[in-house]
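Going down the list, the sequences are from chains L and C. Positions 1 to 197 (our numbering) are the ones given, in order, by the first sequence. Positions 1 to 197 (our numbering) are the ones given, in order, by the second sequence.
Think of the hints as simulated: they come from the structure by calculation, not from any bench. Mixed in with the good hints, there may be bad ones.
Same chains, same label: a pair holds when it works inside one copy or across any pair of copies.
[Said to hold, decoys possible] With a straight-line Cα cutoff of 27 Å, these simulated BS3-like cross-link-like pairs (lysine-lysine) come out:
(1) K2 <-> K156
(2) K79 <-> K152
(3) K156 <-> K79
(4) K2 <-> K79
(5) K61 <-> K152
(6) K90 <-> K152
(7) K2 <-> K59
(8) K61 <-> K156
(9) K2 <-> K61
There are 2 protein chains.
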Amino acid sequence: MKIEFWYEFASTYSYPAAMRVEAAAREAGVTLRWRPFLLGPIFGAQGWNDSPFNIYPAKGKYMWRDMARICEAAGLALKAPVRFPQNGLKAARLALLGQDAAWGPEFTRRVYLANFSEQKDISDEGVLADILSSLSLDAAALIAQSNAPENKERLKAQTEEAVARGIFGAPSFLAGDELFWGNDRLEAALQWARTHP
Amino acid sequence: MKIEFWYEFASTYSYPAAMRVEAAAREAGVTLRWRPFLLGPIFGAQGWNDSPFNIYPAKGKYMWRDMARICEAAGLALKAPVRFPQNGLKAARLALLGQDAAWGPEFTRRVYLANFSEQKDISDEGVLADILSSLSLDAAALIAQSNAPENKERLKAQTEEAVARGIFGAPSFLAGDELFWGNDRLEAALQWARTHP
Numbered sequence: 001m002k003i004e005f006w007y008e009f010a011s012t013y014s015y016p017a018a019m020r021v022e023a024a025a026r027e028a029g030v031t032l033r034w035r036p037f038l039l040g041p042i043f044g045a046q047g048w049n050d051s052p053f054n055i056y057p058a059k060g061k062y063m064w065r066d067m068a069r070i071c072e073a074a075g076l077a078l079k080a081p082v083r084f085p086q087n088g089l090k091a092a093r094l095a096l097l098g099q100d101a102a103w104g105p106e107f108t109r110r111v112y113l114a115n116f117s118e119q120k121d122i123s124d125e126g127v128l129a130d131i132l133s134s135l136s137l138d139a140a141a142l143i144a145q146s147n148a149p150e151n152k153e154r155l156k157a158q159t160e161e162a163v164a165r166g167i168f169g170a171p172s173f174l175a176g177d178e179l180f181w182g183n184d185r186l187e188a189a190l191q192w193a194r195t196h197p
Numbered sequence: 001m002k003i004e005f006w007y008e009f010a011s012t013y014s015y016p017a018a019m020r021v022e023a024a025a026r027e028a029g030v031t032l033r034w035r036p037f038l039l040g041p042i043f044g045a046q047g048w049n050d051s052p053f054n055i056y057p058a059k060g061k062y063m064w065r066d067m068a069r070i071c072e073a074a075g076l077a078l079k080a081p082v083r084f085p086q087n088g089l090k091a092a093r094l095a096l097l098g099q100d101a102a103w104g105p106e107f108t109r110r111v112y113l114a115n116f117s118e119q120k121d122i123s124d125e126g127v128l129a130d131i132l133s134s135l136s137l138d139a140a141a142l143i144a145q146s147n148a149p150e151n152k153e154r155l156k157a158q159t160e161e162a163v164a165r166g167i168f169g170a171p172s173f174l175a176g177d178e179l180f181w182g183n184d185r186l187e188a189a190l191q192w193a194r195t196h197p
């Protein structure tokens, strides 16, 4: 029984999802795999050059209010990011390096906290280096590795895999080929994984 | 303690919401008001001349799968409508007549069943007349009344009220000025109404 958690660092609803997915999966007895990807190319292919929450103001206004309620209920701080959406490309390249490493989940959570509760610029390599260092990792080596051509290509391939598997937004959960979209579908995804092993 | 249920007959997720909202509100001890409106003018103002589920195929494919899971879990039949989206204008004009009448909720549920489980054309006045007759109502009189200029204007005004109050999709729930969007937010809306009387 396993699920994949597909996330994009600019995505608002991916923040509460990232903060709770590990504990929820553990409690459900479901193995979790973290899968960072990029929404930018997916939105671009749909003709959007910005977040739909900016393109459609009523939807954006609602989203921030909904996020405030969700974060308050979850005990998570939420502060307006330094910009929205932030550019999560460099953070995603690092998260991909950590995807199957012990440090990946905590790195991911700290990037989300930097974006949505600490008003830090997550496109800034210095900010990312601080997060890596806070985890006792070799920041300079990992950043160099994340910017290597093969890792850049790997993130492109991962985003292409997302599209091929039907993903169009974040967060998304996959239980096998069964797709669930949105923080509010985590429980349904875990339930599906448990009943369709 | 009360909530308003804002719905559009073409909206897929409004179908399971309409089928459960009355029982859920009763159980929560919350008074319910049914508010039909039209999404067409709202989508049109955003530059969409079709359902976003048709404009964005990956999102549409997911929605139908998600709806199948939700309806199966709720014990609701779901069959591909005769077209999607259907034109719910005439049904909405009738639902508006019944908005504060005893027959309104059951009329609304039967129109959703006609659309999403019985493969009937809900833009057809004959289909709507059959539903009214099945409720022992005077179909011809109500249809004439629904097409009167003042009722058409009333539906326009109701849709304008939806926009003014931040609504951008369906189903939506309002607890006072607090907006909740989506069938999956019904419980949160009821909880809000109970804790913010």
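Hint check:
{"no.": "1", "hint": "K2 <-> K156", "in the structure": "within (24 Å within a copy, 49 Å between copies)"}
{"no.": "2", "hint": "K79 <-> K152", "in the structure": "neither (30 Å within a copy, 44 Å between copies)"}
{"no.": "3", "hint": "K156 <-> K79", "in the structure": "neither (30 Å within a copy, 38 Å between copies)"}
{"no.": "4", "hint": "K2 <-> K79", "in the structure": "neither (32 Å within a copy, 31 Å between copies)"}
{"no.": "5", "hint": "K61 <-> K152", "in the structure": "neither (34 Å within a copy, 30 Å between copies)"}
{"no.": "6", "hint": "K90 <-> K152", "in the structure": "within (9 Å within a copy, 54 Å between copies)"}
{"no.": "7", "hint": "K2 <-> K59", "in the structure": "between (32 Å within a copy, 24 Å between copies)"}
{"no.": "8", "hint": "K61 <-> K156", "in the structure": "between (31 Å within a copy, 23 Å between copies)"}
{"no.": "9", "hint": "K2 <-> K61", "in the structure": "between (35 Å within a copy, 23 Å between copies)"}
In the structure shown, a violation is registered for the earlier hints numbered 2, 3, 4 and 5, in ascending order.
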